[in-house]
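Given these sequences and hints, build the entire structure.
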Amino acid sequence: MPVFFENRDIVTPGDLLAEGNFEAGRNTYRVDSKIYACKLGLVEYKGRIVNVVALNTFYIPSVGDLVIGKIVEVNLHGWNVDINSPYLATLRASEAFNKPYKPQKNELSEILDIGDLVQAKIIAFDRTRNPLLTIREPGLGKITHGQIVKVSPAKIPRIIGRKGSMISILKKETHCNITVGQNGLIHISGRNAEDERIAVLAIKKIELEAHTSGLTDRVTEMIIKERGVK
Amino acid sequence: MAEKIKLIDENGIRTDGRKPDELRPIKLEVGVLSNADGSAYIEQGKNKILAAVYGPKEVHPRHLALPDRAILRCRYHMAPFSVQERKSPAPSRRETELSKVIREALEPAIFLERFPRTSIDLFIEVLQADGGTRAAGVTVASLALADAGLPMRDLVVACAAGKVDGYIVLDLNDIEDKEGMADVPVAYMPSIDAVGLLQMDGQLTPEEFEEAFNLALEGCRRIYELQKQSLKAKYLAIKESVEEAVEEK
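Line by line, the protein sequences give chains Y and G.
Residues in the first sequence are numbered consecutively from 609, following this note's numbering.
Residues in the second sequence are numbered consecutively from -5, following this note's numbering.
Hints may be right or wrong, so weigh each one.
As the list claims (entries may be wrong) - Below, computed lysine to aspartate or glutamate pairings styled on EDC-like, alpha-carbon distance capped at 16 Å:
#: 1; chain 1: G; residue 1: K233; chain 2: Y; residue 2: E817
#: 2; chain 1: G; residue 1: K226; chain 2: Y; residue 2: E817
#: 3; chain 1: G; residue 1: K226; chain 2: Y; residue 2: D617
Claimed, not checked - Here are some chain Y residues the structure puts well away from chain G; computed CB gaps all over 10 Å:
#: 4; residue: E614
#: 5; residue: K647
#: 6; residue: L674
#: 7; residue: V682
#: 8; residue: L684
#: 9; residue: P694
#: 10; residue: S717
#: 11; residue: K771
#: 12; residue: R826
Claimed, not checked - Some chain G residues near chain Y, calculated using beta-carbon distances under 7 Å:
#: 13; residue: L106
#: 14; residue: P145
#: 15; residue: L211
#: 16; residue: R215
#: 17; residue: R216
#: 18; residue: K226
#: 19; residue: Y229
#: 20; residue: A231
#: 21; residue: S235
If you are wondering where the hints come from, they were derived from the structure by calculation, not from laboratory data.
Note that beta-carbon positions come from the ideal geometry of N, C-alpha and C, so glycine has one too.
Here it is, written out as structure tokens:
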């Protein structure tokens, strides 16, 4: 069972990663007993499974994901939401009312208008239909204050860290509330502009250096240094 | 008719000083456009070509969308200033055809079936042309697609071989293409050993064709290595600078 790279080597589409009794994991594909990479990324051998951690991707919706979206259209029965993905999401009007929704009585654009940002969760998506959103959960709904940072969706796992290690450090060190949308949009709201500025800088640093090791320490260091400057 | 130009001298050296099986110098750069989802730039000899990828995204007009896979739309275009005599910016018959063959060379490399009802728009803009732009266009377009984060079976690489003054030569330039005897562009996916484009302009015997085809594949393999390096370059540079900074402490 030969393996052709070392863990965390950068591979390109078409690179032969392993041959023999292996399983094709994320961003890889298999022809007979050969496993190839299908994206530019870092290779990861985990026992029999071969993964590639992509360096750049776009967001493909998945049920249960928390996303941050922008209202792009208001129609009679709900809203169309841009969730930074190839597919436009739908948010039904009934999501925003506790009582039955009546188009002749309720004006939807008074609740959410074009350009508004929402935190929402994906409740349905398959290959044939566009994703469906819900805002009926605590913490979801219109975003009224704070800042939005956009990063590549490929870097989201790195920003969250292993079991949320990176994001909890970020929250603690910057004193900001940070909500990470799986689609690459991150909502930051802090007590003052300075805290938010540092949080944005830290996230940009993680995005740029996502594929290097020892990043957590360097981010903590950078935050402390930025605070010292002020 | 004017006297025929000598394209290969008595030592077997070509007009630009190359040996018969030598490629032109190639410079590749990835991620050159900030507004595109993926982009790349190539300089191959005097060729200068930009490629940009947008998508996958919703298809407009809507009726073009396919229920089972993404569509790839490709536009190969030569800038009016890319050739000696000003070219009309309107797409010519030749450009429409090249858009089609380039699209068909790239389509099998992408996992289009993973993104139903979407489109991937690819723009190849030739800024300066010096022969072999369709091959260089394929090479640079596949880099732009990989840069956009699209899942691909392999990078597609293209290179031409041909017959000039009776010799089989690699990577023809503009004069060799126009004054030469034959031209065979090939697009190839080296890892999975598949050919995506094969054309021939001119006349070759079956033996000569085989020689030219194999030479073109050899050229493809050499360019493939450059492609891989250029994709990794940006990330390796960041990694190195970070590691240096750590070591300094």
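Status of the hints after comparison with the structure:
1. G:K233 / Y:E817: holds (7 Å)
2. G:K226 / Y:E817: Holds, because 14 Å separates the two Cα atoms, which is no more than 16 Å.
3. G:K226 / Y:D617: It holds: about 10 Å lies between the C-alpha atoms, which stays within 16 Å.
4. E614: holds (14 Å)
5. K647: violated (6 Å)
6. L674: holds (21 Å)
7. V682: holds (18 Å)
8. L684: L684 of chain Y is indeed farther than 10 Å from all Cβ atoms of chain G, at 19 Å.
9. P694: Answer for P694 of chain Y: violated, closest chain G Cβ roughly 4 Å.
10. S717: holds (22 Å)
11. K771: holds (24 Å)
12. R826: violated (8 Å)
13. L106: violated (12 Å)
14. P145: With a closest approach of 4 Å, the P145 of chain G hint holds.
15. L211: Since the shortest Cβ distance to chain Y is 15 Å, the answer is violated.
16. R215: At 12 Å from the nearest chain Y Cβ, R215 of chain G fails the 7 Å test, so the hint is violated.
17. R216: violated (15 Å)
18. K226: This interface hint holds because 5 Å falls under the 7 Å limit.
19. Y229: holds (6 Å)
20. A231: This interface hint is violated because 11 Å lies over the 7 Å limit.
21. S235: Violated - the Cβ of S235 of chain G stays beyond 7 Å from chain Y, reaching only about 9 Å at its closest.
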